[in-house]
Amino acid sequence: NAGVTQTPKFQVLKTGQSMTLQCAQDMNHNSMYWYRQDPGMGLRLIYYSASEGTTDKGEVPNGYNVSRLNKREFSLRLESAAPSQTSVYFCASSYSGTGELFFGEGSRLTVL
Amino acid sequence: RKEVEQDPGPFNVPEGATVAFNCTYSNSASQSFFWYRQDCRKEPKLLMSVYSSGNEDGRFTAQLSRASQYISLLIRDSKLSDSATYLCVVNILYLPGSQGNLIFGKGTKLSVKP
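Line by line, the protein sequences give chains A and B.
In terms of the working numbering, the first sequence is residues 1 to 112.
In terms of the working numbering, the second sequence is residues 1 to 114.
Just so you know, these hints were derived from the structure itself, not from any lab.
Keep in mind that this is a model prediction, so the values were computed, not measured.
Glycine residues also receive a C-beta, built at the ideal position from the N, C-alpha and C atoms.
It is possible that part of the hints are untrue.
The calculated lysine-lysine pairs, modelled on DSS-like cross-linking and capped at a C-alpha distance of 27 Å, are [unchecked claim]:
1. A:K9 / B:K106
2. B:K42 / A:K9
3. A:K57 / B:K42
4. A:K57 / B:K113
5. A:K14 / B:K42
6. A:K9 / B:K113
Only some residues are given here: those of chain B computed to face chain A with a beta carbon under 8 Å [to be verified]:
7. C40
8. E43
9. L46
10. G54
11. G105
12. K106
13. G107
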């Protein structure tokens, strides 16, 4: 049972480099999310997709872009990484967006 | 005032103790409520939903007071394996701006000692 799969699990970037975090879910969920988690800040929503073909900004969207490629996949792109984007990123999905989220294992990103 | 507030802890308790976590929310349009558990360096996982009448799952009891905009989680007979961070989550059907539906508290850390 794969659930929500994120790649890569770890990444080190230099300032200004770009990268894409991939996320896929096999639960036929409609809604998908990208969160970042920083010490003392809790989970903050970056972007979400309520359904295939739609994306919306969350609390902290600046510096990120997303693509809902199909119902299964939701990617997060950092176009020009900054040290402030050093964080743990979690992808999540839910059937209806009403509360039960299933999270991936997280992607630990360090920007030097 | 933050949307969802929790005591960050840490709560350090001996095995077998009863421990209670509190959570307050500020938006009266909040519709549903949850407790998630997050182990160190792991992803959050749903622990239990919180219903208006209160609900119990084994050693865990969740309570909701809409009048006081307050949610609680009680853990009885705590085990070493209960050591984790407990996240309060509130679902709001409508939010202005760009936050989506779910608001996470920053979590309360529990450490159960032998």
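So, going through the hints one by one against the coordinates:
no.: 1; hint: A:K9 / B:K106; result: 23 Å, holds
no.: 2; hint: B:K42 / A:K9; result: 12 Å, holds
no.: 3; hint: A:K57 / B:K42; result: 25 Å, holds
no.: 4; hint: A:K57 / B:K113; result: 41 Å, violated
no.: 5; hint: A:K14 / B:K42; result: 25 Å, holds
no.: 6; hint: A:K9 / B:K113; result: 31 Å, violated
no.: 7; hint: C40; result: 12 Å, violated
no.: 8; hint: E43; result: 4 Å, holds
no.: 9; hint: L46; result: 5 Å, holds
no.: 10; hint: G54; result: 17 Å, violated
no.: 11; hint: G105; result: 7 Å, holds
no.: 12; hint: K106; result: 4 Å, holds
no.: 13; hint: G107; result: 6 Å, holds
When each numbered hint is compared with the structure, violations occur for hints 4, 6, 7 and 10.
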